[in-house]
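Take a look at the letters that make up each chain.
Protein chains: 2
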Amino acid sequence: MRLFTVIAAAVLLATGGNADDQAAPDRTSLAETERQAALLRDRALEGSAAYAIVESLTTEVGPRLAGTPDEARARDWAVAKLRALGFDDVRVEPFEMTTWVRGLETGAIVSPYPQPLLLTALGNSGATGPDGITGTLVPFATLADFAEAPAESVAGKIVYVGHAMDKTQDGSSYGFFGNVRRRGPAMATAKGAAAILIRSIGTDSRRFPHTGGTRFNDGQTPIPAAAVSNPDADQIERIVALAADGGTPVTVSLTLTPRVAGTTLSGNVIVDLKGSERPDEIVITGGHLDSWDLGTGAVDDGAGVAITTAAVKLIRDAGLTPKRTIRLVLWGAEEVGLLGAQAYARAHADEIANHVTGSESDFGAERIWKLHTGPVSDEGRALTARIARLLAPLGIAPGPENATSGGPDLIPLNRAGMPVLRLVQDGTDYFDLHHTPDDTLDKIDPAVLDQNVAAYAVLLWMVANSDVDFRRTGTGADG
Amino acid sequence: MRLFTVIAAAVLLATGGNADDQAAPDRTSLAETERQAALLRDRALEGSAAYAIVESLTTEVGPRLAGTPDEARARDWAVAKLRALGFDDVRVEPFEMTTWVRGLETGAIVSPYPQPLLLTALGNSGATGPDGITGTLVPFATLADFAEAPAESVAGKIVYVGHAMDKTQDGSSYGFFGNVRRRGPAMATAKGAAAILIRSIGTDSRRFPHTGGTRFNDGQTPIPAAAVSNPDADQIERIVALAADGGTPVTVSLTLTPRVAGTTLSGNVIVDLKGSERPDEIVITGGHLDSWDLGTGAVDDGAGVAITTAAVKLIRDAGLTPKRTIRLVLWGAEEVGLLGAQAYARAHADEIANHVTGSESDFGAERIWKLHTGPVSDEGRALTARIARLLAPLGIAPGPENATSGGPDLIPLNRAGMPVLRLVQDGTDYFDLHHTPDDTLDKIDPAVLDQNVAAYAVLLWMVANSDVDFRRTGTGADG
Numbered sequence: 001m002r003l004f005t006v007i008a009a010a011v012l013l014a015t016g017g018n019a020d021d022q023a024a025p026d027r028t029s030l031a032e033t034e035r036q037a038a039l040l041r042d043r044a045l046e047g048s049a050a051y052a053i054v055e056s057l058t059t060e061v062g063p064r065l066a067g068t069p070d071e072a073r074a075r076d077w078a079v080a081k082l083r084a085l086g087f088d089d090v091r092v093e094p095f096e097m098t099t100w101v102r103g104l105e106t107g108a109i110v111s112p113y114p115q116p117l118l119l120t121a122l123g124n125s126g127a128t129g130p131d132g133i134t135g136t137l138v139p140f141a142t143l144a145d146f147a148e149a150p151a152e153s154v155a156g157k158i159v160y161v162g163h164a165m166d167k168t169q170d171g172s173s174y175g176f177f178g179n180v181r182r183r184g185p186a187m188a189t190a191k192g193a194a195a196i197l198i199r200s201i202g203t204d205s206r207r208f209p210h211t212g213g214t215r216f217n218d219g220q221t222p223i224p225a226a227a228v229s230n231p232d233a234d235q236i237e238r239i240v241a242l243a244a245d246g247g248t249p250v251t252v253s254l255t256l257t258p259r260v261a262g263t264t265l266s267g268n269v270i271v272d273l274k275g276s277e278r279p280d281e282i283v284i285t286g287g288h289l290d291s292w293d294l295g296t297g298a299v300d301d302g303a304g305v306a307i308t309t310a311a312v313k314l315i316r317d318a319g320l321t322p323k324r325t326i327r328l329v330l331w332g333a334e335e336v337g338l339l340g341a342q343a344y345a346r347a348h349a350d351e352i353a354n355h356v357t358g359s360e361s362d363f364g365a366e367r368i369w370k371l372h373t374g375p376v377s378d379e380g381r382a383l384t385a386r387i388a389r390l391l392a393p394l395g396i397a398p399g400p401e402n403a404t405s406g407g408p409d410l411i412p413l414n415r416a417g418m419p420v421l422r423l424v425q426d427g428t429d430y431f432d433l434h435h436t437p438d439d440t441l442d443k444i445d446p447a448v449l450d451q452n453v454a455a456y457a458v459l460l461w462m463v464a465n466s467d468v469d470f471r472r473t474g475t476g477a478d479g
Numbered sequence: 001m002r003l004f005t006v007i008a009a010a011v012l013l014a015t016g017g018n019a020d021d022q023a024a025p026d027r028t029s030l031a032e033t034e035r036q037a038a039l040l041r042d043r044a045l046e047g048s049a050a051y052a053i054v055e056s057l058t059t060e061v062g063p064r065l066a067g068t069p070d071e072a073r074a075r076d077w078a079v080a081k082l083r084a085l086g087f088d089d090v091r092v093e094p095f096e097m098t099t100w101v102r103g104l105e106t107g108a109i110v111s112p113y114p115q116p117l118l119l120t121a122l123g124n125s126g127a128t129g130p131d132g133i134t135g136t137l138v139p140f141a142t143l144a145d146f147a148e149a150p151a152e153s154v155a156g157k158i159v160y161v162g163h164a165m166d167k168t169q170d171g172s173s174y175g176f177f178g179n180v181r182r183r184g185p186a187m188a189t190a191k192g193a194a195a196i197l198i199r200s201i202g203t204d205s206r207r208f209p210h211t212g213g214t215r216f217n218d219g220q221t222p223i224p225a226a227a228v229s230n231p232d233a234d235q236i237e238r239i240v241a242l243a244a245d246g247g248t249p250v251t252v253s254l255t256l257t258p259r260v261a262g263t264t265l266s267g268n269v270i271v272d273l274k275g276s277e278r279p280d281e282i283v284i285t286g287g288h289l290d291s292w293d294l295g296t297g298a299v300d301d302g303a304g305v306a307i308t309t310a311a312v313k314l315i316r317d318a319g320l321t322p323k324r325t326i327r328l329v330l331w332g333a334e335e336v337g338l339l340g341a342q343a344y345a346r347a348h349a350d351e352i353a354n355h356v357t358g359s360e361s362d363f364g365a366e367r368i369w370k371l372h373t374g375p376v377s378d379e380g381r382a383l384t385a386r387i388a389r390l391l392a393p394l395g396i397a398p399g400p401e402n403a404t405s406g407g408p409d410l411i412p413l414n415r416a417g418m419p420v421l422r423l424v425q426d427g428t429d430y431f432d433l434h435h436t437p438d439d440t441l442d443k444i445d446p447a448v449l450d451q452n453v454a455a456y457a458v459l460l461w462m463v464a465n466s467d468v469d470f471r472r473t474g475t476g477a478d479g
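The listed protein sequences derive, respectively, from chains A and B.
In case it helps, the UniProt record's numbering puts the first sequence at residues 1 to 479.
In case it helps, the UniProt record's numbering puts the second sequence at residues 1 to 479.
Incorrect hints may appear among the rest.
Copies of the same chain are indistinguishable here, so a pair counts whether it falls within one copy or spans any two.
As the list claims (entries may be wrong) - Simulated pairs of lysine to any residue, SDA-like, Cα-Cα distance not exceeding 25 Å:
{"no.": "1", "residue 1": "443", "residue 2": "242"}
{"no.": "2", "residue 1": "323", "residue 2": "186"}
{"no.": "3", "residue 1": "443", "residue 2": "116"}
{"no.": "4", "residue 1": "443", "residue 2": "375"}
{"no.": "5", "residue 1": "443", "residue 2": "52"}
Derived by calculation from the structure, the hints in this document are not laboratory data.
All chains, full assembly: derive it from the sequences and hints.
Below, the structure written as structure tokens:
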């Protein structure tokens, strides 16, 4: 199938599928748009610019925590790179944010079996002070068990919360089990705990703890909150079981010295491929530019930046101009609470009605295996079916019309009524690397990135070169 | 095949293969010894004590760097565990050693693309002082390239040496590529370098750097010497290439604060399963008790401790008493230079002629796939063929008679003439974990340990219950 499509593309090219012909005004029928989409798809499979883009970002910038000088360097990189790729009108929309930065982080089981623990602070964690804290560990198997525990059972102690998150292809377990990280620390603060350790929200058996944001409640003073790797969590649980047999408490120590660096600037980097007929109608795509600080943000989300940038570049380099504007947004400060997404939604509140659809790539660097949409109009559903037909040779099946947000940075726009389409990547192994030092370039297969670029190019071209309205009349996109 | 052997064992058990019968004096023929060996093998496959032993060691002791209080706790653990397993005559043979301990270790690329490096000091590394050092990086693709470089090209600078070690089933690449770690730092010191970074001697693409011992030359003052993970080495090499394009030097910083803790005690823990007819003849086995400090020493070498201990226990629990003594040695201070092995060879110099054969388990926790021997006598070769026949149902093929040492801790005894047999484990993935924080219990499959125990029980029983002399007359074991 794939060989066939490559041959077909070669034939199309040979029989006049060059840039000038494709852009000719007499070829704007749906059939011609589909022919062009197939051509883009097959060109992407021959090799896109995506791998070189993520290689450049992760090598020349590396880690780029939101609000830090590292993220500022990433914005400078993005502006320079987009210009070097031939985009003229690159702009940065800055916004202010409160910036948290990591400090030292060490931990140990003090008794009954002394040994180091490898841990990492969760984003927004409080600090222990440089001398650390030592306390009795109070373990819970699940967040629900912890939620039920009386405050006096954990007050002044160090809480540990486990869970049993397993791999899923669609990554859906992250929603439920991720609450241990998102909500556990606030719950521990409310119960008066001295600190909280959680089993990493990860599916690997490597000793890298997984960081990620947590949120404390208004008025709470953040307590120290850290994750341990799955092997260390297993070790804690074995020691807890042995100690319980002997009636011995388990004592742990931890030193975390993160701090709030104050108010700094982040920003979204934006470039438009201007529409020829309806330039005010916007088809939005992109990935996020910031990363957690532990790795180099290759799969989260250098890959998304690279895939969507390469897809827009592919369309432009083919000499194609869509009727509508394709807007590429490289979002700032996603990891720490979708701050770039919120800033964009505020700054562009008056234009959201003009945003036709949104599709963000932010789920790693593996193959796309299905196409979801949020609720869409009948004509939107019909066009999606045509898109799905073009994606089928890439191994992508149509998925259900459901409540997908289209990607984290599109949540505010989606809530404000923008329809979304989501090209779903295989997430089976995503949470092996997610938010760890191990999120590095070597985990990315260039040919798989090209499959992603092919799918985004099809999707963006098909939507942007149509006049289909995806909004359902009389309901919001969530309706 | 495996099912068949289990059934066969059950039949043997049902038809009188109980402990008293097996030990009966009228059943000492080779055929009877083989019947007993097959029984031991098949019992091991039904479930041995090995996993519980390595679980206990890695949980209750954890990391146990040679010469430290952690290794002393491991010795205490070993004495208590062997007694709990029913061995009465457990003894410790202590020895003095110079002990090196790790300190802080951080590093970064300072320019042109600032970002952290994850690194770990090599054993015996010198220190930078608490403020670290910064210097120009001078990269070499191989140790041979570095060896040829004139001293003035690296004097006062930070050397980087790469290599291209790949996976091999027998782990043989470690000998050649491991020289980057073993010899690179002494070479860098001799050339006047300020420090040396090496690409980890590892085959994974995880961001754990691999530690391991290095040796400086007599009279040298150790310089700081550290390993970076493969992903970080890739990153360094990409940045070196980009910087070379722009004619820019690459500057790195590192802080390493290891220190020599002075003279401390290590020790070998020894237990004998006393021979009934020739108690002075010793068939030696074991694994090493110390580990590197980064992981919990599960595959290196908690597994070897567990496999060999479980094999000896299996023989004893079957009520079998071999003609010769089976000696289990849990070696101290292997990782830092075979210090326990040397101490044993010194302390037992007068008895080495009585050591019939040696077989150490120190190559991880994967399946055994072949049986090697060093040079042996004709009758030794004949008995080895009988052993190989008993091991065949375990998927173990006979290998060549070659220069195997029988395991690192047997090198001194082997050099002094003791013949060796080596049950070779599959090492394909061994150097993914070797000397990293990731060497933890979760990497071990209990059923695979049982396969190892089965093989060791066969080997030990067959050799110890024979009167075969494995020494080749008129030559050393290496002859």
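Each hint, compared with the structure:
For a Cα distance limit of 25 Å, the shortest separation of residue 443 from residue 242 across copies, 21 Å, qualifies, whereas the shortest one inside one copy, 38 Å, does not. For the homomeric pair residue 323 and residue 186, neither the shortest alpha-carbon distance inside one copy (48 Å) nor that between copies (66 Å) is at most 25 Å. Proximity of residue 443 and residue 116 under a CA criterion of 25 Å is satisfied inter-copy only: 18 Å between copies versus 28 Å inside one chain copy. Proximity of residue 443 to residue 375 under the C-alpha cut-off of 25 Å is found in neither arrangement, the shortest distances being 34 Å within a copy and 45 Å between copies.
In the homo-oligomer, the alpha carbons of residue 443 and residue 52 lie at most 25 Å apart inside one protomer (14 Å), although the nearest pairing across protomers, at 35 Å, exceeds that limit.
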